[in-house]
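Trainee: Hey, can you work out the whole structure from these sequences and the hints?
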Amino acid sequence: MAVSGIVLLGFVLVHMIGNLKVYLGAEAINRYGEWLRELGEPALPRTAALWIVRAVLAGAFVAHVVAAAQLTALNRRARPVGYRSPRDYVAANFASRTMRWTGVIVALFVVFHLLDLTWGTANPKFVRGEVYDNMVASFRRVPVAIAYIAANVALAIHIFHGAWSLFQTLGWSNPRLNPARRWFAAGFAAVIGIGNISMPLLIVTRVVG
Amino acid sequence: MDLTLRVWRQAGPEVPGHFETHEMRDVSPDMSFLELFDTLNERLIAEGREPVAFDHDCREGICGSCSMMINGRPHGPERGTATCQLHLRKLPDGATITVEPWRAAGFPIIRDLVVDRSAFDRIIEAGGYITAPTGSAPDANEILIPKEVADAAMDAAACIGCGACVAACPNGAAQLFTAAKYAHLSLLPQGQPERWTRVVRMVREMERWFGSCTNHGECEAACPKEISIDFIALLNRDYVKAQLRNRALAGQRG
Ligand code: HEM
Ligand code: FES
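Quick note, the sequences are listed as chains X and H, same order.
According to my numbering, the first sequence is numbered sequentially starting from 26.
According to my numbering, the second sequence is numbered sequentially starting from 346.
For the record, the hints were derived by calculation from the structure and aren't laboratory data.
Be a bit skeptical, because a hint or two may be false.
Simulated pairs of lysine to any residue, SDA-like, Cα-Cα distance not exceeding 25 Å [said to hold, decoys possible]:
| id | chain 1 | residue 1 | chain 2 | residue 2 |
| --- | --- | --- | --- | --- |
| 1 | X | LYS46 | X | VAL28 |
| 2 | H | LYS435 | X | SER110 |
| 3 | H | LYS570 | X | ILE174 |
| 4 | H | LYS586 | X | ALA93 |
| 5 | H | LYS570 | H | GLY480 |
| 6 | H | LYS570 | X | GLY58 |
| 7 | H | LYS586 | X | SER29 |
| 8 | H | LYS586 | X | LEU202 |
| 9 | H | LYS492 | X | ASN203 |
| 10 | H | LYS435 | X | GLY58 |
| 11 | H | LYS570 | H | TRP554 |
| 12 | X | LYS150 | X | ILE174 |
| 13 | X | LYS46 | X | GLY35 |
| 14 | H | LYS586 | X | LEU96 |
| 15 | H | LYS586 | H | SER481 |
| 16 | H | LYS586 | X | PRO67 |
| 17 | H | LYS586 | X | LEU191 |
| 18 | H | LYS586 | X | LYS150 |
| 19 | H | LYS586 | H | ILE475 |
| 20 | H | LYS586 | X | TYR114 |
| 21 | H | LYS435 | X | ARG112 |
| 22 | H | LYS435 | H | LEU350 |
| 23 | H | LYS586 | X | SER110 |
| 24 | H | LYS586 | X | LYS46 |
Since the structure is predicted, the reported quantities are computational estimates derived from the model, not experimental observations.
Mentor: What follows is the structure in structure tokens.
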């Protein structure tokens, strides 16, 4: 769970930084898209490095979802009959108790996102390689922009707990550094949330594009 | 003070249970929560009714018997306090207090508020021991232990095995109990020979009975001994290490 989570965290960060090139104009982001394909050349054939990264990501994604399903099954079995009176939680927060739901929202979003901006199936104006125009065409559709924003709110909430939780899961604990773990997770969630949400928000409101 | 008690009644493991309401008028605020139940039970016995079954023994916060979910929190609203040490003055006068048993597959209900916690004994049997000869007591300071280490081991050893961590956990996980019992042995030199087998065996046994940790932190907040989830991090780290380590070399220092 934690190891695959770290791979996914690394991905969402790098993916966001790359996409923020949309603010530098069409040429910058299109060139970035092209660079992703050329990465590793000439040592590797064109798009080879990209496919390796995609394979690692897909592996991490599948491992994460399988682990989440197993964890959920184990925990359901651990309390077949629940409390009959309302619980009064003290430490568990909204993020930690909704990991399953924010995770599922993100998973459904990933499918739509691939159909929209990778394969173009869900984007009638899609032109391969025209990253900038594709983003603008997609985010100009109000329902799509709303879906992107909602999914990234869910992702930020997921990261807010996950990026803290992983330290405990992997046993990275040190009394001197532990207070920083909460800030790290909050900061990571804020950066990913704000960065990713800004793009559909600024495009749908026609500030950019 | 006056309290309205809603208590879970269940005649046996297999039968359905229900909440039963009792008005407790004019009880002393200096009573402990268990004394409130004693008062109730004396009344029930006088009326010829079945008293409420609940676990208790030491009544001084060290045996871990008294297990009650009080208004949605194990051992009630006061931090670092077992049910037997909770005094009624900590509760608002006139309040309705709902009490039910721990709910977990690993803790089947026997009757009313009493659950069977022998799954914890299974976890201890799996690794909560050291194989030292039990002759006469060794000399003091024969084995030197840094103060910080002794303190940390003592913090873990404070666990009274009450099960509040499992009861509090949204996942019904027993990581805090297992980690405390693992850590108080594994932090000390005497616990090293079995360290890597201990962690694997205790974790495997734990997973047979309980859920798994997703780091909500609810256990730490519920623990009457305020045991830190830092010990869960230690348990997790040592579990991973135990898988990767060449145990034939484990006798070396460092
Ligand atoms: C595919 C959809 C996803 C599902 C169904 C899902 C589900 C879950 C669940 C149930 C947990 C366990 C709760 C816990 O241990 O704290 C979890 C943990 C975690 N998730 Fe996700 N998640 C998904 C996507 C993601 C993504 C995209 C990221 C990266 C940004 C991520 C990062 C993490 C991290 C870092 C943890 C904590 C790992 C740990 O402490 O063991 N997850 N996820
Ligand atoms: S009765 Fe012993 S801890 Fe409460």
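Trainee: Given the hinted pair H/LYS586 and X/LYS150, is their Cα-Cα distance within 25 Å?
Mentor: violated (52 Å)
Trainee: Within a Cα-Cα threshold of 25 Å, do X/LYS46 and X/VAL28 meet the stated pairing?
Mentor: violated (28 Å)
Trainee: Within a Cα-Cα threshold of 25 Å, do H/LYS586 and X/LEU96 meet the stated pairing?
Mentor: holds (21 Å)
Trainee: H/LYS435 and X/SER110 were given as a pair; does the straight-line alpha-carbon distance stay at or below 25 Å?
Mentor: holds (20 Å)
Trainee: Holds or violated: are the alpha carbons of H/LYS586 and H/ILE475 at most 25 Å from each other?
Mentor: It holds: about 20 Å lies between the C-alpha atoms, which stays within 25 Å.
Trainee: Take the C-alpha atoms of X/LYS150 and X/ILE174, compute the straight-line distance between them, and say whether it is at most 25 Å.
Mentor: It holds: about 21 Å lies between the C-alpha atoms, which stays within 25 Å.
Trainee: Would you check the hint for H/LYS570 and H/TRP554, treating anything up to 25 Å between C-alpha atoms as holding?
Mentor: holds (23 Å)
Trainee: Within a Cα-Cα threshold of 25 Å, do H/LYS570 and X/ILE174 meet the stated pairing?
Mentor: violated (43 Å)
Trainee: Going straight from one Cα to the other, do H/LYS586 and X/LYS46 come out at no more than 25 Å?
Mentor: violated (42 Å)
Trainee: Run the distance test for H/LYS586 versus X/PRO67: straight-line Cα separation, threshold 25 Å.
Mentor: violated (40 Å)
Trainee: Under the criterion that the straight-line Cα-Cα distance not exceed 25 Å, is the pair H/LYS435, X/GLY58 satisfied?
Mentor: Cα-Cα ~63 Å, so violated.
Trainee: Is H/LYS435 within 25 Å of X/ARG112, Cα to Cα?
Mentor: holds (19 Å)
In this structure, the earlier hints numbered 1, 3, 5, 6, 10, 15, 16, 18, 20, 23, 24 are contradicted, and the remaining ones agree with it.
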